[in-house]
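**Student:** Read off the chains here:
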Amino acid sequence: MDTKQQNARRRGFIPGLLLTSGILFFFIMLVFPLGEVIYRSLKDGFAVYASAVTAKNTLSALKVTLIAMVSAVLVNTFFGLCASWLLTKFEFRGKQVLSALIDIPFSISPVIAGLAYIMTFGRMGWAAPFIDWLNELLGTDISFVFSVPGVVLATVFVTFPFVSRELIPVMQAQGSSEEEAAVMMGAKGFTVFRRVTFPHIRWALLYGVILCAARAFGEFGAVYAVSKARGKTFTLPLEIDALYMAGSAESITHAFAVSSLLVLLSIVILIVKQIVEYRGKREA
Amino acid sequence: MYVEMKHINKNFEDYEAAKDINFGIEKGKLVALLGPSGSGKTTILRMIAGLETQDSGDLVIEGKVVNDIPAGKRGIGFVFQNYALFRYMTVQQNIAFGLEVLKRPKQEIAARVEELIRLVGLEGMEKRYPDQLSGGQRQRVAFARALAPNPQLLLLDEPFAAIDAKVRKELRAWLKQMIAKVGITSIFVTHDQDEAVEVADEIIIINEGRIEQMGTPIEIYKRPRTSFVSQFIGTSVVLDHFGGFGGFEGLKEGCQVIIRPEFVECFKSDNQKFKSLMPFSEEGEITGIAFRGSYLELTLLVNGVYLTANRSLERRPVAVGEHMRVLLYRVYLLEEGDAHLYKNKLLAGVDVEGL
Numbered sequence: 510m511d512t513k514q515q516n517a518r519r520r521g522f523i524p525g526l527l528l529t530s531g532i533l534f535f536f537i538m539l540v541f542p543l544g545e546v547i548y549r550s551l552k553d554g555f556a557v558y559a560s561a562v563t564a565k566n567t568l569s570a571l572k573v574t575l576i577a578m579v580s581a582v583l584v585n586t587f588f589g590l591c592a593s594w595l596l597t598k599f600e601f602r603g604k605q606v607l608s609a610l611i612d613i614p615f616s617i618s619p620v621i622a623g624l625a626y627i628m629t630f631g632r633m634g635w636a637a638p639f640i641d642w643l644n645e646l647l648g649t650d651i652s653f654v655f656s657v658p659g660v661v662l663a664t665v666f667v668t669f670p671f672v673s674r675e676l677i678p679v680m681q682a683q684g685s686s687e688e689e690a691a692v693m694m695g696a697k698g699f700t701v702f703r704r705v706t707f708p709h710i711r712w713a714l715l716y717g718v719i720l721c722a723a724r725a726f727g728e729f730g731a732v733y734a735v736s737k738a739r740g741k742t743f744t745l746p747l748e749i750d751a752l753y754m755a756g757s758a759e760s761i762t763h764a765f766a767v768s769s770l771l772v773l774l775s776i777v778i779l780i781v782k783q784i785v786e787y788r789g790k791r792e793a
Numbered sequence: 005m006y007v008e009m010k011h012i013n014k015n016f017e018d019y020e021a022a023k024d025i026n027f028g029i030e031k032g033k034l035v036a037l038l039g040p041s042g043s044g045k046t047t048i049l050r051m052i053a054g055l056e057t058q059d060s061g062d063l064v065i066e067g068k069v070v071n072d073i074p075a076g077k078r079g080i081g082f083v084f085q086n087y088a089l090f091r092y093m094t095v096q097q098n099i100a101f102g103l104e105v106l107k108r109p110k111q112e113i114a115a116r117v118e119e120l121i122r123l124v125g126l127e128g129m130e131k132r133y134p135d136q137l138s139g140g141q142r143q144r145v146a147f148a149r150a151l152a153p154n155p156q157l158l159l160l161d162e163p164f165a166a167i168d169a170k171v172r173k174e175l176r177a178w179l180k181q182m183i184a185k186v187g188i189t190s191i192f193v194t195h196d197q198d199e200a201v202e203v204a205d206e207i208i209i210i211n212e213g214r215i216e217q218m219g220t221p222i223e224i225y226k227r228p229r230t231s232f233v234s235q236f237i238g239t240s241v242v243l244d245h246f247g248g249f250g251g252f253e254g255l256k257e258g259c260q261v262i263i264r265p266e267f268v269e270c271f272k273s274d275n276q277k278f279k280s281l282m283p284f285s286e287e288g289e290i291t292g293i294a295f296r297g298s299y300l301e302l303t304l305l306v307n308g309v310y311l312t313a314n315r316s317l318e319r320r321p322v323a324v325g326e327h328m329r330v331l332l333y334r335v336y337l338l339e340e341g342d343a344h345l346y347k348n349k350l351l352a353g354v355d356v357e358g359l
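In the order they appear, the protein sequences are chains A and B. Counting in our numbering, the first sequence runs from 510 upward without gaps. Counting in our numbering, the second sequence runs from 5 upward without gaps.
Simulated from the structure, these hints should not be mistaken for laboratory data. Source: prediction; values computed, not measured. Heads up, the beta-carbon is just placed ideally off N, CA and C, and yes, glycines get one too. One or more of the hints may lead you astray.
Stated by the list, open to error - Simulated restraints, written as ranges between beta carbons of each label pair: (1) A:K604 - B:P40: 25 to 31 Å; (2) A:Q681 - B:H11: 31 to 37 Å; (3) B:E104 - A:W642: 27 to 33 Å; (4) A:G698 - B:Q85: 53 to 59 Å; (5) A:G684 - B:V186: 25 to 31 Å; (6) B:E104 - A:L607: 29 to 35 Å.
Said to hold, decoys possible - Only part of the chain B face toward chain A is listed, based on derived beta-carbon distances under 7 Å: (7) L55; (8) G76; (9) F84; (10) Y92; (11) G102; (12) A115; (13) C259; (14) L281; (15) F284.
Let the sequences and hints guide you as you build the complete structure.
**Tutor:** Listed below in structure tokens is the structure:
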């Protein structure tokens with residue numbers, strides 16, 4: 510056998526092994542379990558599936574999930590933009606510290622975040638008197654723990670870094686000379702952002718928003734800590750957990766049916782993400 | 005004076021970017037801030053623009069102290085290094101930006117943009133994006149964009165740094181001509197002495213945050229005042245222990261001097277033209293010959309020191325190891341950072357320039 514053939518065989522073997530193990534892993538870890546979810550959810554027929562998906566608790570959970578997701582995206586887009594703008598276009602003391610602080614939600618367990626909110630905004634928390642005062646003043650009855658606002662807060666917390674982490678590298682790479690050029694011509698802050706900075710970051714921003722949204726509707730731990738009322742403040746992951754934990758054959762099937770909703774949402778987000786990535790790359 | 009810096013100081017943490025900078029620039033002049041990288045020249049330019057704020061001192065433009073006037077209100081056009089064109093705008097939109105910010109009427113903007121595009125010769129490229137242009141074309145857009153709002157002062161930060169060597173020469177001439185045509189007072193930063201000498205009416209040499217010398221290119225070339233300037237401008241050889249040359253006995257033995265190639269004359273011992281100067285010359289040996297395109301650069305060992313001399317290709321060929329007669333017309337004597345011209349005393353009565 511000449512060396513060329515040998516090389517060809519060796520070249521064929523290693524990539525083949527890698528490819529096979531990659532595909533195996535992909536199927537065992539992702540495709541089969543997700544397929545199982547779909548299969549189990551439809552096992553008892555479409556009628557059971559439909560009743561599970563349209564159950565009062567499920568619809569309530571879907572609503573809370575969407576509220577939390579939209580709020581997290583809005584809040585974190587705004588603060589993410591502010592933070593990355595600040596961190597990349599200005600020099601100031603404590604910049605490193607701020608940059609590290611943004612990443613805290615990445616490193617802290619979401620459950621701890623939830624508990625921290627209870628300690629802060631709960632009945633016993635130090636912010637409780639302030640919340641009471643505010644409620645009295647406005648004639649409202651908002652509480653932050655064990656209620657939808659609490660779920661929103663917890664979701665905002667865990668998704669906080671996503672937008673800014675996508676934006677910072679892009680804004681850093683861009684530098685600030687284009688902004689300086691605009692400033693030299695007399696442009697004000699918002700004009701500079703709208704006409705010079707934004708066109709550069711729009712795809713990264715959209716990408717960050719998608720990641721943020723994906724993380725928001727999948728969050729379990731932080732939300733679990735502050736949400737205890739099924740049918741009122743439960744999100745989809747909590748509802749699934751509750752159904753599954755109920756233990757009856759019927760409720761387990763329901764759990765899978767509701768899970769399939771999340772899987773569906775994920776697939777939609779995945780497709781949108783792919784489109785955004787593709788368009789972003791093409792433009793760059 | 006149109007632009008004046010008075011006792012300007014600026015520190016970045018522990019780095020002194022500007023130390024007591026004082027200078028004035030007359031209206032209509034094209035001035036180069038020349039210095040090695042890290043000398044503080046860009047910081048000075050950015051302070052004039054208002055992109056940096058001085059720690060102390062006054063900046064005066066057209067008789068008004070502008071310390072507290074923000075960058076956008078100083079009426080200054082700025083051409084950035086790498087041009088900083090708006091990547092997501094066309095040539096037309098780039099040039100129009102400054103006028104739109106000023107909320108000029110649409111027709112006026114369109115007319116001005118067209119005028120500028122014609123001025124810089126970019127007709128037909130209006131709809132292109134910066135990444136569809138060559139380096140030279142980008143510079144033209146940057147220039148037009150900076151001029152669009154009719155600034156009274158134009159600042160350029162290393163305007164040729166992003167352009168390849170071949171086009172650079174061409175663009176220097178173009179820019180000089182453009183600025184003359186527009187008649188705008190301009191200051192540009194460069195680390196390239198050829199660029200400064202060729203383009204500028206006046207040169208300010210900056211080193212370590214200080215002004216070393218200010219003057220016309222000829223003045224600076226012929227009469228460098230500091231040792232830094234004498235070494236930075238032109239090619240030169242620094243000798244730490246100078247001595248033993250006829251005609252320079254007046255100098256202290258072992259003093260420091262700078263010798264430029266044009267201060268050195270070398271000829272063969274049977275040379276007729278320099279026959280009268282033969283007695284004043286020294287014996288030298290050629291130790292190296294480098295071809296520099298239009299001339300030869302000779303390295304000569306004379307009195308134990310190496311000198312550099314240029315030799316026209318029209319003259320008789322020379323070889324390494326050949327013995328030559330070497331004549332030193334003058335040197336720059338360095339004393340405590342200052343440079344003084346010192347002429348060869350033996351040549352006092354000789355009409356050197358007539359040769």
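**Student:** Can B:G76 be said to touch chain A, with a Cβ gap under 7 Å?
**Tutor:** Since chain A brings a Cβ to about 3 Å from B:G76, closer than 7 Å, the hint holds.
**Student:** Range first: 29 to 35 Å. Now tell me if the beta carbons of B:E104 and A:L607 are that far apart.
**Tutor:** 34 Å, holds
**Student:** Against chain A, is B:C259 within 7 Å by beta-carbon distance?
**Tutor:** Not OK, violated: B:C259 not within 7 Å of chain A, min 47 Å.
**Student:** Given the hint of 25 to 31 Å, is the C-beta distance from A:K604 to B:P40 inside that range or not?
**Tutor:** 30 Å, holds
**Student:** Tell me if the beta carbons of A:Q681 and B:H11 are separated by a distance inside 31 to 37 Å.
**Tutor:** 36 Å, holds
**Student:** Quick check on the hint: B:Y92 CB to chain A CB, less than 7 Å?
**Tutor:** 4 Å, holds
**Student:** Closer than 7 Å between Cβ atoms is the bar; does B:G102 clear it against chain A? Give me holds or violated.
**Tutor:** With a closest approach of 4 Å, the B:G102 hint holds.
**Student:** Let me know if the C-beta of B:L55 comes in closer than 7 Å to any C-beta of chain A, holds or violated.
**Tutor:** 6 Å, holds
**Student:** Mind checking the CB of B:F284 against every CB in chain A and telling me if the closest is under 7 Å?
**Tutor:** With Cβ-Cβ at 57 Å, over 7 Å, it is violated.
**Student:** Indicate whether the distance between the beta carbons of A:G684 and B:V186 respects the range 25 to 31 Å.
**Tutor:** About 28 Å separates the Cβ atoms of A:G684 and B:V186, which means 25 to 31 Å holds.
**Student:** Answer holds if the nearest beta-carbon of chain A is closer than 7 Å to that of B:F84; otherwise answer violated.
**Tutor:** Holds - the Cβ of B:F84 comes within 7 Å of chain A, reaching about 5 Å at its closest.
**Student:** Does the Cβ pair A:G698, B:Q85 satisfy 53 to 59 Å?
**Tutor:** 24 Å, violated
Violated hints, listed in ascending order, are 3, 4, 12, 13, 14 and 15; each of the other numbered hints is respected by the structure.
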